[in-house]
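Spelled out, the chains give:
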Amino acid sequence: MNRLQWLTAAVFLFTATACSAQESPSSLSTPDGEPDASRLYAEKLREGKKLLEQKRFADAIKRFQQLLQTPLHETPNYEPNLYLAQAYCLSGDKKRGREVLSEFDCMLRIRNGETLCYKQEMPDLIPNEAISKACFETMCGEMYLDYYKNPTDDQKRIAAGLRREYAGVKAACE
Amino acid sequence: MDVTSHEGRFANGAVTGAFAYAFGRMAEPEAEFAQMQAGGEDFVNPTEGGLRGCDRHGCGGYGASRAAGPHDGADYVSSPGQVVQSPVDGVVLRVSNPYAGDSRYSGLVVNSAGGHQVTVWYISPNAGVVGTTVYAGQGIGIAQNLGMRYSGITNHVHVRMHYGGQSVNPTTRIPTWP
Chain A
1 MNRLQWLTAA VFLFTATACS AQESPSSLST PDGEPDASRL YAEKLREGKK
51 LLEQKRFADA IKRFQQLLQT PLHETPNYEP NLYLAQAYCL SGDKKRGREV
101 LSEFDCMLRI RNGETLCYKQ EMPDLIPNEA ISKACFETMC GEMYLDYYKN
151 PTDDQKRIAA GLRREYAGVK AACE
Chain B
175 MDVTSHEGRF ANGAVTGAFA YAFGRMAEPE AEFAQMQAGG EDFVNPTEGG
225 LRGCDRHGCG GYGASRAAGP HDGADYVSSP GQVVQSPVDG VVLRVSNPYA
275 GDSRYSGLVV NSAGGHQVTV WYISPNAGVV GTTVYAGQGI GIAQNLGMRY
325 SGITNHVHVR MHYGGQSVNP TTRIPTWP
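Residue numbers (our numbering), protein chains in the order written: chain A, 1 to 174; chain B, 175 to 352.
In isolation and in its complexed conformation, chain A is listed as follows (with noise of 0.2 angstroms):
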């Protein structure tokens, strides 16, 4: 092996590596050295978990709130409702939790195909009127709609956990 086949393949062998460690999804770090941006959600989705076991309610609605103010990248920001809606009951303004845990009903049944954004998609959308101002806009737009028909075993595993969680909620706000 000549010099210049030696230096083409050890130029090969750093591109594949560098490309390699970028395309992995699971990779924490990013390249840019920027914070994971689906990690910093799940971890201030756990903090404000934590925040309602230590019944700082007040801090926990505040969490959560900024939570459901982050767009996550191309996937709808539901889930903070749910514990938003438990953070008010416990608070004692079961009233509010109410309100929102019925918004986050509207939006799991979207998540689980139980409900439908659109009244019709071809050619044109027309959307489901039924479906309140608030769960639409969270959950509905053109992006989504395949991941609501074609749901992956672990959106399913997750859907069914937030039903079982939601039951318990609800308890919590009667």
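Hints are computed from structural coordinates only; laboratory data are not their basis.
Mixed in with the good hints there might be a few duds.
[Claimed, not checked] Straight-line Cα separation of at most 20 angstroms, SDA-like style, residue types lysine to any residue; simulated pairs:
id	chain 1	residue 1	chain 2	residue 2
1	A	Lys-156	B	Asn-271
2	A	Lys-149	B	Asn-271
3	A	Lys-44	B	Tyr-324
4	A	Lys-149	B	Tyr-324
5	A	Lys-44	B	Arg-240
6	A	Lys-156	B	Gly-243
7	A	Lys-149	B	Gly-237
8	A	Lys-49	B	Asn-271
9	A	Lys-133	B	Pro-272
10	A	Lys-49	A	Ser-132
Use these hints to put chain B onto chain A, whose structure you have.
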């Protein structure tokens, strides 16, 4: 072709962009692009940019992980304000809104003459383009700035492609180089 023209288009840095470009060419042999000619269709890169790599929000390849499920499309790196080209010859069916709750972002659905349905998101459609016949390479809109919604993201257009009702990996049709 000037590799350095890709530098700066990636949030990951110029070196990454150049390597992604070089590696992308190696990973996508010409044989795959024989499909581009199936049915006599021509496909054009809508931004003349590379495939989005990974940033703090995720990766741009087809099937890349999203919290909602696998990425049903491919992301072509763009610069906000640049002209975005139709990837196919066809008819612009309608405007498409990726997010019901965020009217800042939009896109177009184009039905190709060869039976592909192509959705291009994160563009501001040209006025009057809906309902018109367009050719591959014709400007159909302007690239939007995704950074307003997703801080620190690599700007791109999202291309979703269906053929016969099935999802297709756009990079098996659309080249990731100019």
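These are the hints, each one checked on the structure:
Distance check on the hinted pair: Lys-156 of chain A and Asn-271 of chain B sit about 26 angstroms apart at the alpha-carbon level, beyond 20 angstroms; violated. Of the pairs offered as hints, the one joining Lys-149 of chain A and Asn-271 of chain B holds, with about 18 angstroms between alpha carbons and a cut-off of 20 angstroms not exceeded. For the proposed pair Lys-44 of chain A and Tyr-324 of chain B, the alpha carbon gap of about 17 angstroms is at most 20 angstroms, so the pair holds. A hinted pair counts as satisfied when its Cα atoms are at most 20 angstroms apart, and Lys-149 of chain A with Tyr-324 of chain B does not qualify at roughly 25 angstroms.
For the proposed pair Lys-44 of chain A and Arg-240 of chain B, the alpha carbon gap of about 18 angstroms is at most 20 angstroms, so the pair holds. For the hint linking Lys-156 of chain A to Gly-243 of chain B, the alpha-carbon distance of about 11 angstroms falls within 20 angstroms, and the restraint holds. With a C-alpha separation of about 16 angstroms, the suggested pairing of Lys-149 of chain A with Gly-237 of chain B holds against the 20 angstroms cut-off. Between Lys-49 of chain A and Asn-271 of chain B, the direct Cα distance comes to roughly 33 angstroms. Violation of the 20 angstroms bound is thereby established for this hinted pair.
For the given pair, Lys-133 of chain A sits about 16 angstroms from Pro-272 of chain B by alpha-carbon distance, which is consistent with the 20 angstroms threshold. At most 20 angstroms may separate the alpha-carbon atoms for a hinted pair to count; Lys-49 of chain A and Ser-132 of chain A exceed this at roughly 26 angstroms.
The structure does not agree with the numbered hints 1, 4, 8, 10 stated previously, though it agrees with the rest.
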